[in-house]
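Top to bottom, those sequences are chains A and B. Each residue of the first sequence is one higher than the one before, counting from 1 in my numbering. Each residue of the second sequence is one higher than the one before, counting from 96 in my numbering.
Please keep in mind that the hints were generated in silico from the structure rather than gathered at the bench. Glycine is no exception: its CB is placed at the ideal position from the N, C-alpha and C atoms. Among the clues, some could well be false.
[Unchecked claim] Far from chain B, by Cβ distances over 10 Å, these chain A residues were calculated:
| hint | residue |
| --- | --- |
| 1 | K5 |
| 2 | E39 |
| 3 | S42 |
| 4 | G86 |
[As the list claims (entries may be wrong)] Listed next, the stretches of chain A that the computed footprint assigns to chain B, with coverage defined by at least 3 CB atoms under 8 Å from CB atoms of chain B:
| hint | region |
| --- | --- |
| 5 | 25-31 |
| 6 | 59-73 |
| 7 | 88-94 |
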Amino acid sequence: MSLDKTDVEKIAHLARLAIDDADIPNYARDLTTIFGLVEQLSSVDTDNISPMAHPLDAVQRLRPDQVSETDQREQFQAIAPKTEAGVYLVPQVIE
Amino acid sequence: MHTKSLNELSTALHNGDISSVELTQHYLDRINTYNNELNAYITVAEDHALTQARAADVQLQQKTAGKLTGIPLAHKDIFCTEGLRTSCASKMLDNFIAPYNATVVEKINQAGMVTLGKTNMDEFAMGSSNETSFYGQVQNPWDNQAVPGGSSGGSAAAVAANLAPIATGTDTGGSIRQPASLCNLTGLKPTYGRISRYGMIAFASSLDQAGPMARSAEDAALLLNEMAGFDPRDSTSVEQDVPDYTASLNNSLEGLKIGLPRQYFGEGLDPEVAATVEAAIKTYESLGATIKEITLPNSHLAVPTYYVVAPAECSSNLSRMDGVRFGHRCEDPKDLLDLYQRSRGEGFGEEVKRRIMIGTYALSAGYYDAYYLKAQQCRRLISDDFTQAFNDVDVIMGPTAPTTAFKLGDKKDDPVAMYLADIYTISTNLAGLPGVSIPAGFVNNMPVGLQIIGNYFDEARLLNVAHRYQQITDWHQQSPEPFK
């Protein structure tokens, strides 16, 4: 399998990554090499093998729905790039 | 002072032979002398350390101190530390000061230990040479032209150069064990779930596990005692009692069954490293162990499986770095998409972007079954091999890394060659098993690590097996000449 410029642009867009045009050929080459390595898996017989998502096959632990944390908005927003009146600011989304 | 074991330091502190402030200052002075060159620390926490040391001295005077009270250590810069920058070696988090402590940090603080600083690493723990760090490469104390390994390369270099008595690390595909091997340390990756991941910046959540990087199995056991345990804040933390890992260090190895996987001694393994590792394993016969060849037939699938599973999880985990709530934000974004794309494009380095793209592609519509699902099935096959093997043997031994430390720059531009540096360590992360790397000798004056893999929650046995070897060998006591 070989990935080209369009593939890299599409993947970068999905990943919300701005990449320089000049770097695209390198990414295409590296991703092609890496997926070449991964390609080995396709020849493995995995019929009836259940996928392993987690090493311990644990189930999600539940807890009572009780308040355990206090409001720390000010502390958490102190490290934010831009806030106003307790909300995070981003460029306008809806006209 | 900087070559003493944790037990010796503990005794000296409790007897009043030295204060924690004096000991801490001694290490800060060493860091000041050597760190410019080595680059093992990203952040040196001088004031923070001395404050902790003074508090430790009060406890020591009042006889309320614990075993490790007053002993300094270094944290990999992946653990969140309240009030102290946590960069994960990324431009993205260059300005990030966590509002809370990781559970590991909290527990170690509770034990009274002193944080000297935050160690260098591969960016977001993605790498095997420490060369992907935003803060620059780290030198191997054994050869300043060689890599220290990665991703916990700064922790390894710091302990090997005696700039900290012990350090924390994390291991997603070998990131504790491989640098331990390359820097002559004892580095333990516990069973998945043994140590809380809360506040440890996530790379691949089903693989990440913290552990100690130490100069001996005994030191590692002492720190593991403090690190391990259930944490309700980590949904994959395991509710299981923590034994005293020092209690069984001296247990007899009479009758221990050691498995040697044929696949770990094949093509790609440096012959001199192979000979060194084989000699170390042979030593175990004199301790009463028996050695048996075993097979892990799906070993060759570990690297390709890992390079689907880990990037897939990282692409999801790192989506939280979006320039909105913390971390790097680009200048003058024209709209929200531009904000995300440029903040991430500028904040992440090459390797991180590469892995996010691999993961994004593997998880994208139309490819999920072919890559992610397939990799999860292969992960099961790899894990089942180990289950089978542990029916016959108590521990599995082999090399930690295929070579000694390679030169800086050697593999930097070849991602696949770099990935193969973890060929013997990755499968234990996929299976969730514990593994330790211990010093086993030298090839051309560079350290070689022996890897010992155990069954689930068998850390006590791994440390016992490591410790007994260290009682009859002195490889682990060797220090690089310039840092003695």
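- Message: If you test the structure against every hint from before, which numbers come out violated?
- Response: 2, 3
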